[in-house]
Amino acid sequence: MNFNLSEEQNMLKDSVARFVRDEYDFDSRRANAASELGFNPANWQMFAELGWLSIPFDEAHGGFGGGATEVMAVMEEMGKGLVVEPFVATVLMFGGLLNKSGNAALQDANIEKIIDGSLQGSFAYLERQSRFELADVKTQAKRDGADFVLNGEKTVVSNGMAANKVVVSARTSGEQCDEAGITLFLIDTDAPGVERTSYRLMDGQLVANIKLTDVRVVGDHVLGDVDKGYTLIEAVVGDVIIALCAEAMGIMQKLNTTTIEYTKTRQQFGVAISSFQALQHRMVDMFMAGEQAKSILYRAVCAAESGAEDLPKNIAALKVMIGRNGKLIGDEAIQLHGGMGLTDELDVGHFVKRLMMINTTFGDADFQQKKFNRLTYSD
Amino acid sequence: MDITFSAEELAFRDQVRAFLSESWTEDLASRINGRSGDYKAAQIEWQNKLSAKGWLAPGWPVEHGGVDWSVTENFIFETERSLAGIPDVVPFGLKMVAPVIYDFGNDEQKKRFLPRILKNQDWWCQGYSEPGAGSDLAALKTKAELDGDDYIVTGAKIWTTYAQYSDWIFCLVRTDSSGKRQDGITFLLIDMSTPGVSVNKISSIDDHHSLNEVVFDNVRVPTANRIGEEGKGWTYAKALLAHERTSIAAVADSKRKLRELRDLLAQEVSGGRPLSEDTQFQNRLSNTEIELMALEYTELRVLASTADGKGPGVESSLLKIKGTEIQQGIQQMYMDLAGYYSGVIHGEDTAETIGHAFGHSARQAYMYGRAATIYGGSNEVQKNITAKYVLGL
Ligand SMILES: Cc1cc2nc3c(=O)[nH]c(=O)nc-3n(C[C@H](O)[C@H](O)[C@H](O)COP(=O)(O)OP(=O)(O)OC[C@H]3O[C@@H](n4cnc5c(N)ncnc54)[C@H](O)[C@@H]3O)c2cc1C
Ligand SMILES: Cc1cc2nc3c(=O)[nH]c(=O)nc-3n(C[C@H](O)[C@H](O)[C@H](O)COP(=O)(O)OP(=O)(O)OC[C@H]3O[C@@H](n4cnc5c(N)ncnc54)[C@H](O)[C@@H]3O)c2cc1C
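Chains A and B supply the protein sequences, listed in that same order.
This note's numbering applies: residue 1 is where the first sequence begins, and numbers increase by one.
This note's numbering applies: residue 1001 is where the second sequence begins, and numbers increase by one.
Careful: at least some of the hints might be erroneous.
Stated by the list, open to error - Covered stretches of chain A (chain B as the covering partner; in silico rule of three or more C-beta atoms under 8 angstroms from a C-beta of chain B): (1) 96-106; (2) 146-153.
As the list claims (entries may be wrong) - Over 12 angstroms on every C-beta distance to chain A, these chain B residues come out as not near it, computed from the model: (3) 1061; (4) 1137; (5) 1206; (6) 1232; (7) 1260; (8) 1278; (9) 1281; (10) 1289; (11) 1313; (12) 1352; (13) 1365; (14) 1374; (15) 1379; (16) 1383; (17) 1391.
Keep in mind that the hints were calculated from the coordinates and are not lab data.
Glycine residues also receive a C-beta, built at the ideal position from the N, C-alpha and C atoms.
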């Protein structure tokens, strides 16, 4: 039994940590987020050269063949730098869907381009009404000969503006909230009938609403099986939740150390405020929240690596704890920084906003707790 | 990252399971867990079985009767024991005073005390706390003054668990009040039958007699019963704390209780529906279960780090706090499940005559369970320690 990373995994983690240290101070991060695409394309090329974009893909496609552990190692360090480059959207989500789609032709046509950095992708799953229900899909896909014709609107699409291609969930049969009857289509964002509107999120992401008006998709641009896209979504979203939670763990560690350092230097009443027991105990609570989050992350990663039967339950538990503990750490970090915690100039508020966005993504703590309850107590 | 046990470790687990399932009987369970009148006899009967197997004191050095278990094997044993609902051995002799004796005692003391502890012939209790010395243990005042080859001990210890059963008490006493408080403390072993020792019962809110006051009125204790040097008692007591780490988080125990609680929830109804369908209960269960799932891995992280020879990492500091919070959360849920019956005082009545059997024991567990965040270094004191030594505040 051990929780050590292998030498190769450690090298990977170190390389991301080095990048964050050398290229990603807070001002650069701010500039990257504010740029036209919502990230810095030069960084993306660097990621390609460093091999990071190949991590989850099979060696047959020129990938690194990494699993949940490698992804965790990378994401934890990216979290510490609040990296805005769309590693999750393009590589893990879009790439993950391709990876598990079973569609060899689409894999051959796209994975190498993801790896070399020339293809940006995204997954458009959300609609105005759907909140956290991945199966709530109104967007329609109708057969027309060998093609499908898509109509509807997808909202808050991560990396939606930079994406060259997007995987869209659309309904090919069934009722609005049925898991059955959802199909995943790969579309080009410059295809006729695709219209995008972009806006920003509190964590610096540039996202888009994508309107689809009679968008024609050839029949073999389907990922997974027709009507059975939901299973594929669930599997890949599970992987991505683990990745996002690893990012959150990096952020929590960063907030904890930042807060401790601040209280040691901030003087009030003639002493460092770190000498007040009321604050010490709160920092211990933050520390414990962070360590427990790390433990449950390791648990989920181990379950994913071993293909454990109760993986979905572990992922739900992970997401609940990351959401709740992230909130505790975020709120306390601001509180212990006093007025400074309210300033936009300090990085603390930005780390907190990213944690809040991670909590929301793919279902917040309350939603995930209901799911956990269903998986655990309803059998 | 690899959380699997080796083939040898799995074989060892099977061996432990086989032994426990054949040795731990219904009869022992009801007498020990039910805290019946012959609790002491039942506990000794069980510990004798462990002793005969050679597993009573696995943590001791082999030369004194311990077993050469690895950190992982010890963990497996503790886990299996807890999952089977078997309480820990009484720690005062086996886990508290014995390590002090074999680490710091002289050969005479080792020969005199260790074999008797290993055969359950002496029942020990711990005399540290005093009315004026709780969390701040170094404030202790019980005085020991040299008189020839004896110390004359005067003072009082309090909260002494099972002093009423004990043959011996190990005490921290003050032999010097002039310098630094910690430097005037001496570690003494005192025979409870010595004239001048009296034990006064303290009734506790769980309706069970475990607590006592032990009063020393000019009690004559031979210097041969002093461990190590005079004035070094504090150092020995602190070293002992390192031995106390085992299963402090009580993860396996909480897992078992949570499982039992879920079974009970499925049997009990509210408005004709099983309580297990109640969303409030489900949320409370999952709040606790998720913390426990995390704590299980926190404990494995500590274990892996220790087995690796790196010693427990910083995460070990939260085992006690989180572990006790989870235990108390589970006890609270049992109480709420019992409803009116949480208030029932049973006596000799059965579920047949009263209605339900679990209320009384749920309350006892809940009431006694309050102590878990107070003793062994209260949770507030744990936070002080973590703040200082882990966070560097
Ligand atoms: C939105 C906003 C608007 C404001 N507007 C005004 C304004 O219009 N005019 C004005 O004059 N000021 C204003 N303030 C300042 C406000 O009064 C201070 O922020 C407040 O007094 C706290 O001081 P501080 O920010 O320096 O935090 P600090 O005093 O440095 O406190 C930092 C942390 O330490 C804790 N702490 C400090 N001392 C102790 C102690 N003894 N024991 C335990 N914990 C302690 C605090 O609770 C806090 O969590 C404003 C602040 C904010 C956030
Ligand atoms: C059921 C039970 C069994 C026991 N068995 C034994 C035994 O067998 N032998 C033995 O020697 N002792 C025993 N004890 C005593 C136990 O070790 C003490 O209760 C413990 O050390 C706390 O001391 P106290 O009760 O005097 O509380 P106090 O030290 O007076 O604490 C009261 C409250 O103040 C808090 N507090 C104290 N100091 C600080 C601080 N610096 N910062 C913040 N908060 C603080 C505590 O956390 C607690 O909440 C037992 C206790 C119980 C409850």
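Item to check | Broken hints, by number | outcome: 1, 2, 8, 9, 10, 11, 15, 16, 17
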